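Sequences and hints are given; from them, build the entire structure.
Under this note's numbering, the first residue of the first sequence carries the number 421, and numbering increases by one thereafter.
Treat the hints as calculated values from the structure; they're not laboratory data. No experiment lies behind these values; they were computed from the predicted model shown. Even glycine gets a Cβ: it sits at the ideal position worked out from N, Cα and C. The reader is advised that the hints may include incorrect statements.
[Stated by the list, open to error] In silico DSSO-like links for lysine-lysine, alpha-carbon gap of 30 Å or less:
1) 588 with 572
2) 1078 with 1286
3) 662 with 1174
4) 678 with 511
5) 556 with 572
6) 1078 with 1220
7) 990 with 588
8) 1254 with 1286
9) 1188 with 1147
10) 1074 with 1317
11) 662 with 636
12) 716 with 872
13) 636 with 678
14) 499 with 1220
15) 982 with 992
16) 1174 with 1128
17) 1260 with 799
18) 581 with 557
19) 1254 with 588
20) 1128 with 1116
21) 753 with 581
[What the hints assert, rightly or not] Computed Cβ-Cβ distance ranges for the label pairs, DEER-style:
22) 1317 with 984: 57 to 63 Å
23) 717 with 595: 25 to 31 Å
24) 942 with 1085: 15 to 21 Å
25) 634 with 1003: 33 to 39 Å
26) 989 with 1284: 51 to 57 Å
27) 717 with 1154: 39 to 45 Å
28) 1224 with 973: 29 to 35 Å
29) 1223 with 631: 21 to 27 Å
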Amino acid sequence: MTVFYVRKENYPVADKKLLLIDGNSITFRAFYALYRQLDNFVSPEGLHTNAIYTFKNMLDSILKQLEPTNILVAFDAGKVTFRTKMYKEYKGGRQKTPNELIEQLPFVREMLTDLGITSYELDQYEADDIIGTMAKKGEEAGYEVAIVTGDKDLTQLASAKTTVYITKVGVGELEAYTPEHMEEVNGVTPTEFIDMKALMGDNSDNYPGVTGVGPKTASKLIQEYGSVEGIYDHLDDITAKKLKQNLINDRDQAFLAKKLATINRESPVEVSLADTEIQAVDNEKLRTFYERLGFKSFLKELGADNIGEKVEDKNYEYSELTQANLSELTSQKSETLSFHLEMLGDNYHLAQFVGFALKFADELYVSDDVTLLQQAPLKAWLEDAAIEKSVFDLKRTFVGLHRLGIEATGLSYDMLLASYLVNNENNSNDLGEIAHLYQDYSVDTDLDVYGKGKKQAVPATPLLFQHLAAKVSVIEKLKGHLLELLKDHEQDGLYDEVEIPTAKVLAQMEITGVKVLPSTLLELENEFATRLVEMEADIYREAGERFNLNSPKQLGHILFEKLGLPPLKKTKTGYSTSVEVLEQLRSQSPIVDQVLNYRQISKIQSTYVKGLLDVIQPDGRIHTRYLQTLTATGRLSSVDPNLQNIPTRTEEGKQIRKAFVPTDPEGYIFSCDYSQVELRVLAHVSGDENMQEAFKTGYDIHSHTAMKIFHLDSPDQVTPLMRRHAKAVNFGIVYGISDYGLSKNLGITRKQAKEFIENYFEQYPQIKQYMDDAIKMARENGYAETLMHRRRYLPDIHAKNFTVRSFAERTAINSPIQGSAADIIKVAMINMQKKLVELKLKSKMILQVHDELIFDVPKDELEIMKRIVPEVMQDAITLDVPLIADSGWGHNWYDAK
DNA sequence: GAGATCACG
DNA sequence: ACGTACGTGATCTCT
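In structure tokens form, the structure reads like this:
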């Protein structure tokens, strides 16, 4: 049987649909869609394949949506075209297309041929012109025409018979440009769109239009006069003087731009409509092609007959361990093993044990009886430091085993941590999902195996055992590749000396937990409950009715409709009632303040008082989990509960901290935090002499900045307001400042904010240099990097959309700073833990809050902790400026300041 | 399950 | 002209 890639039947001409694809544009999009996966998509022979792979996925999605009968994929032929002859700067000044992308283009075309799809390029012409010409041919022959591209230029071809589809963010979505949609978006028809472009010029194609004319003016002019020619025929009617003069000055440019913008619909294309008929798939060639590129999932799609033995077999041969045969293991020996402990659910402090799997000496063993782990020889193996163990999620494994009375050592490889360092974009912690990232489909996701929500359940034994066997096998299978990637990224040090040891420290912290007094929280609960009832009553009285205060919708109705306050800001769904808005309305009605107060107390009551009471364990302690492989910057996060956002900014909120106490009733909560760690990191990486000087001398950095940007001679002249402003600028710098953001934060005008920033850059010139370099580096490398080589990929740095690109640029500035600070405190934690053990102290590290470490300290260890903690933290790394850590202590967390 | 809000660094 | 501060998690409402 002949196989076609898409449905092929005999259609009458009227039902024929010609699909024209802009091959370069789609390949380009495909490349950047999986840009961060560049290193993971490499064929056995070393060719990058991310664009080819994504192209195929996009193609599938396009074909499914559009169901064409004929297809042509058009490619650009080369740099020299009739347009460059007309204007030699055409498309000049563009960034060079990466070689990793160029090398993939021929393979995209080869794949198309194998799939039975015609592709075509024409010397001297662009893909656009081929598409324009073929669309015309199609329309004339009575076909329905669909064009797919990532480039809005082609929308000028939209007509009653032709729809232009623009790919949206993500792989599959298309936005349909019909003539009607064009008018909605631009206010002009597809043909008029050419004239609009002629006036505006095109930055990315590098040709100018008329000075000072953007989309708004262009659209207005075209709506009025119909075309460029029309405008110049009626120049005298134009009243705006500047605009008129610009039009006169740039006349030649406008007419040239129109020629450049117009797609040539009469190109000498040698392809006929018959040539675009879909051909039979060449299965043999396609299979060879997929094998060559290492596309396992596509091979699978080709069907069982075609897969052969290339696709991984999901049937693992394993032995089931039982009480009866466990002793047979005793004679076995191995210096390394892979191990997986399966628990159902995220919270491994409480999760149900499901089973385990281990692999050593090429043998797979599985069991659903975790008590076997507590017996010989398994317990001894797990506790033997000389046996190196590979796992997925070291911390989870360590804590799980600890619950079984096993103190694991020799845990040396963690697939989850390795994968997070190599690429932290995908923050899944599912073994299956992560394996899939590396093109290994031999293990299913937990979602597929266990289901979710109410339907979550452990499957029948053979299925479960297969899953466990698959997991432990994949840990071992991908190990070499991941370790190699770490080396390539110069991340082996970060992995071995920072992340792996951090996981062990965190496991210890989580297991220790922190003692929280329910009695203190219960007292607060009563107090707040009374106050909340009173506040509610006051608000209802003021509002004249009862309503649900927690519903922003109902509150918005009361404030902005019933009471007639001015709605200052809107959200997607209605009026905004956020603090930002309410603070501005304070003076207008007493209800506003009442609502603000209510909100504050209500938050503390539900999230902290009640929330924490619910998670105190029978041992009287709270055991959070730190997520080590989640954030984009390398920080930790804390969940179930989050102990990194316990209130500190308001007095009522702070009360919560009184419930956090040391184990020893006479002991101390000891807290030590880095002073201005992010700014110090910035001073270091930027090498800015003025800022370094400030830190070296020990000035108050915000006052120092105030002196600098307000041109003062002495610190005495700095007013509190100046210092506050300077502080906001310092923070803003770290976030990748903008005048708008700063003005909003400080409630000043944009102009003032701009001035602050300009002064700042004048005074700290190397910081400006750092910011520019950070963006440049990210553009060149595709990622930003911390002091310890932690990466954050920033594919959006190439985005055309200003907002999207700007966000990536700010991230390029911020991530190395925030991330390096995160690296540093991790080192401090490791050294601190080591020190506690070395000195045989009973004090425990119990919490980390980004720049702060908190300890549970017995009474008689306070003095030594006061000496060693700040010292260890300050010595975690040597920078060009000193690191300073300040300590505080007390009989509860509230007093430890 | 998404959106709004607000707690932290 | 574009429309913004960087990084998180929990709770509540409402569809």
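Open item on the list: Can you tell me whether the CB distance of residue 1223 to residue 631 sits inside 21 to 27 Å?
Closed with: Since the Cβ atoms of residue 1223 and residue 631 sit about 25 Å apart, the hinted range of 21 to 27 Å holds.
_Distance restraint between residue 990 and residue 588, which requires alpha-carbon spacing of 30 Å or less_ = Distance of about 26 Å is within 30 Å: holds.
* Asked: Does the structure keep residue 1128 and residue 1116 at a Cα separation of 30 Å or less?
  -> holds, 16 Å
Margin query: residue 1254 and residue 588 were given as a pair; does the straight-line alpha-carbon distance stay at or below 30 Å?
Written below: violated, 51 Å
*Hint consistency between residue 636 and residue 678 [alpha-carbon to alpha-carbon, up to 30 Å]*: holds, 18 Å
- [ ] Could you grab the alpha-carbon distance between residue 662 and residue 1174 and see if it respects the 30 Å cut-off?
- [x] Holds: residue 662 and residue 1174 sit about 27 Å apart, inside 30 Å.
Is residue 499 within 30 Å of residue 1220, Cα to Cα?
It holds: about 21 Å lies between the C-alpha atoms, which stays within 30 Å.
Please verify whether residue 662 and residue 636 have alpha carbons no more than 30 Å apart. holds, 16 Å
* Asked: Are the Cα atoms of residue 982 and residue 992 separated by 30 Å or less?
  -> Distance of about 21 Å is within 30 Å: holds.
Satisfaction of hint between residue 1286 and residue 1078, Cα-Cα up to 30 Å = holds, 21 Å
Next on the checklist: For the hint 25 to 31 Å, verify it against the beta carbon of residue 717 and that of residue 595.
Outcome noted: holds, 27 Å
Are residue 717 and residue 1154 spaced within 39 to 45 Å by their CB atoms? holds, 42 Å
The structure does not agree with the numbered hints 6, 19, 21 and 22 stated previously, though it agrees with the rest.
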